[in-house]
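J.: Spelled out, the chains give:
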Amino acid sequence: MSGELHAYVLLVLVGFLPNEIWRMLGLVVARGIDEESEFFMWARAVAIAVLAGVIAKIVMLPPGTLAGVPLGIRLGAIACGFVAFLAVRRSVFAGVIAGEVVLTLGALAYGI
Amino acid sequence: MPAPMPSAPTIDPPQRSATAAFLAGFGAAWLSVMAYVLIGTYIGLAALAHDFGFSLWWLAASTVLVWAGPAQVILVSALGAGAAPIEVAIAVSLSSVRLLPMVISLLPLIKQPQTRNRDLLLPAHLTAVSMWIEALRLLPPLPREHRIPFANGLGLSFLLAAQIGGGIGYYLATSLPPLLSAALLFLTPMSFLISTTRNCRLLSDWLALVFGLMLGPLLAFWQVGLDLLWTGMVGGSLAYGIYRLREARR
Chain A
1 MSGELHAYVL
11 LVLVGFLPNE
21 IWRMLGLVVA
31 RGIDEESEFF
41 MWARAVAIAV
51 LAGVIAKIVM
61 LPPGTLAGVP
71 LGIRLGAIAC
81 GFVAFLAVRR
91 SVFAGVIAGE
101 VVLTLGALAY
111 GI
Chain B
1 MPAPMPSAPT
11 IDPPQRSATA
21 AFLAGFGAAW
31 LSVMAYVLIG
41 TYIGLAALAH
51 DFGFSLWWLA
61 ASTVLVWAGP
71 AQVILVSALG
81 AGAAPIEVAI
91 AVSLSSVRLL
101 PMVISLLPLI
111 KQPQTRNRDL
121 LLPAHLTAVS
131 MWIEALRLLP
141 PLPREHRIPF
151 ANGLGLSFLL
161 AAQIGGGIGY
171 YLATSLPPLL
181 SAALLFLTPM
191 SFLISTTRNC
201 RLLSDWLALV
211 FGLMLGPLLA
221 FWQVGLDLLW
231 TGMVGGSLAY
241 GIYRLREARR
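So the protein sequences, as listed, match chains A and B.
If you read the first sequence in this note's numbering, its first letter stands for residue 1, the second for the next number, and so on.
If you read the second sequence in this note's numbering, its first letter stands for residue 1, the second for the next number, and so on.
I should point out that these hints are in silico values taken from the structure, not numbers from a laboratory.
All values reported here derive from a predicted model rather than from experimental measurement.
Check the hints yourself; a few may be wrong.
Example chain B residues on the side facing chain A (calculated, C-beta under 8 Å, incomplete) [claimed, not checked]:
no.: 1; residue: 80
no.: 2; residue: 100
no.: 3; residue: 109
no.: 4; residue: 172
no.: 5; residue: 173
no.: 6; residue: 203
no.: 7; residue: 237
no.: 8; residue: 247
Just a few of them, taken from the derived set where beta-carbon distance is under 10 Å, the chain A residues facing chain B [stated by the list, open to error]:
no.: 9; residue: 13
no.: 10; residue: 16
no.: 11; residue: 31
no.: 12; residue: 45
no.: 13; residue: 53
no.: 14; residue: 63
no.: 15; residue: 66
no.: 16; residue: 67
no.: 17; residue: 72
no.: 18; residue: 78
Here are the computed distance ranges between Cβ atoms for each label pair [claimed, not checked]:
no.: 19; chain 1: B; residue 1: 31; chain 2: A; residue 2: 111; range: 30 to 40 Å
no.: 20; chain 1: A; residue 1: 24; chain 2: B; residue 2: 19; range: 43 to 53 Å
no.: 21; chain 1: A; residue 1: 68; chain 2: B; residue 2: 202; range: 30 to 40 Å
no.: 22; chain 1: B; residue 1: 144; chain 2: A; residue 2: 25; range: 16 to 26 Å
no.: 23; chain 1: B; residue 1: 241; chain 2: A; residue 2: 90; range: 36 to 46 Å
Note that CB positions come from ideal geometry on N, CA and C, so glycine has one too.
Generate coordinates for the entire structure from the input sequences, incorporating the hints supplied.
T.: Quick look at the structure:
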C-alpha cells in the first residue's frame with residue numbers, strides 16, 4: 001500500500017505543483033488586467049502563438065505511433081481537414097472527421 | 001450551437017441565474033468537438049497509463065489535479081520509465097508554460113471589479129487548451145455576471161469527458177492497435193488547428209497563428225531550449241507589434 005501512496009505523493013509533487021504554478025501565476029498577473037488593455041491583447045497573441053507552435057510540433061515531430069505515419073500523409077490529412085472545415089459551413093466536426101479519415105486511409109495504404 | 005442565454009428578467013434571483021449559466025456551460029461543452037476530442041485523447045492516455053502500471057484511480061486523480069494532456073503524457077511515461085522526480089517535474093513544468101498566457105487572456109474576460117480572487121481559482125485551474133478555446137468563443141456574448149459559472153460548467157464538463165475517455169481506455173486495456181493510437185494522437189493537432197482558426201478575429205490573432213505554426217517546428221528542429229516559450233514570446237510579440245503598427249497608421 002505504501003507504493004500506492006508513494007505514487008500519489010509523486011503525482012502532487014512532480015505533476016500537480018510544477019503544472020499548477022503557471023495557472024496561479026496567471027491568476028496573480030491577470031489581477032490588474034482588463035479586457036481593453038494592451039497587455040491583454042499581447043497575452044492573447046502569445047497564447048495563440050504557443051498553441052500554434054504546439055500544433056505544428058505535433059504534426060512535424062509527432063509523438064508515439066503517429067511518427068510511424070509518413071510526413072506527407074500527416075500534412076495531407078491536416079490540409080484536407082482544414083479544407084473540409086472551410087467548405088462545410090466552417091464546421092469543426094466536418095474538418096476533424098475529414099482529417100481523421102484521410103490520415104487513417106493514408107496510414108492503411110502505407111501499411112500501418 | 002447552444003441556445004442564447006435568455007435576457008435575465010430583473011425578478012430572477014442571482015443565484016438561480018448563476019446556476020442556469022453553469023448548466024448552460026456544462027451543456028455547451030457537449031456541442032463542442034472538444035468533448036469528443038478529449039474522450040479520444042484520454043482513451044490513448046489511459047492505454048499508456050495502463051501499460052506503465054498506473055491504477056485507474058491514479059489516472060483519474062492526475063486528470064483532476066494536472067488537467068493538461070501533454071503534461072500527463074510526460075508524467076505517466078517518465079515516472080513509468082523510472083526517471084528522476086526532479087527531471088519529471090521540470091519536463092512537466094516546461095510543457096505547461098502555455099497555461100500562463102492562456103489564464104492571463106481568459107480571466108479578464110470573466111472577472112468584474114468586485115470579483116474575489118478565490119472565485120477565480122476554479123476557472124484558472126480548469127483552464128486548458130480545450131476550455132480556453134471554447135471559452136474565448138462562447139463567453140463574449142454572455143452578460144458578465146454569468147461568465148464565471150458558465151466557464152466553470154464548461155471546464156467541468158470537459159473534465160468529465162476526459163474521465164469518461166480515461167475509463168474507456170483503461171478498460172479496453174490491451175495496448176491499442178498502432179493505427180487507432182495514431183488516429184487518436186492526430187485528434188489534438190487537427191481539432192486545435194481548426195478551433196483556433198475559427199476563433200481568429202483580429203489581424204494579431206491570424207498573424208500569431210501563422211508565426212506560431214512556422215516557429216514551433218523550426219525552433220524544435222534547431223533544438224533551441226524552451227522552444228515553445230520562445231515561439232510564444234517571439235511569434236506573439238511580432239503579431240501584436242504588426243497589428244499595433246497597422247492600427248496606428250489608420
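J.: The structure should be examined with respect to each hint, and the outcome stated for every one.
T.: Status of each hint after checking the structure:
no.	hint	verdict
1	80	violated, 10 Å
2	100	holds, 4 Å
3	109	holds, 6 Å
4	172	violated, 15 Å
5	173	violated, 17 Å
6	203	violated, 10 Å
7	237	holds, 7 Å
8	247	violated, 10 Å
9	13	holds, 7 Å
10	16	holds, 4 Å
11	31	holds, 7 Å
12	45	holds, 4 Å
13	53	holds, 3 Å
14	63	holds, 6 Å
15	66	holds, 4 Å
16	67	holds, 8 Å
17	72	violated, 14 Å
18	78	holds, 6 Å
19	31/B / 111/A: 30 to 40 Å	holds, 38 Å
20	24/A / 19/B: 43 to 53 Å	violated, 27 Å
21	68/A / 202/B: 30 to 40 Å	holds, 39 Å
22	144/B / 25/A: 16 to 26 Å	holds, 24 Å
23	241/B / 90/A: 36 to 46 Å	violated, 29 Å
Consistency with the previously given hints fails for numbers 1, 4, 5, 6, 8, 17, 20, 23, ordered from lowest to highest.
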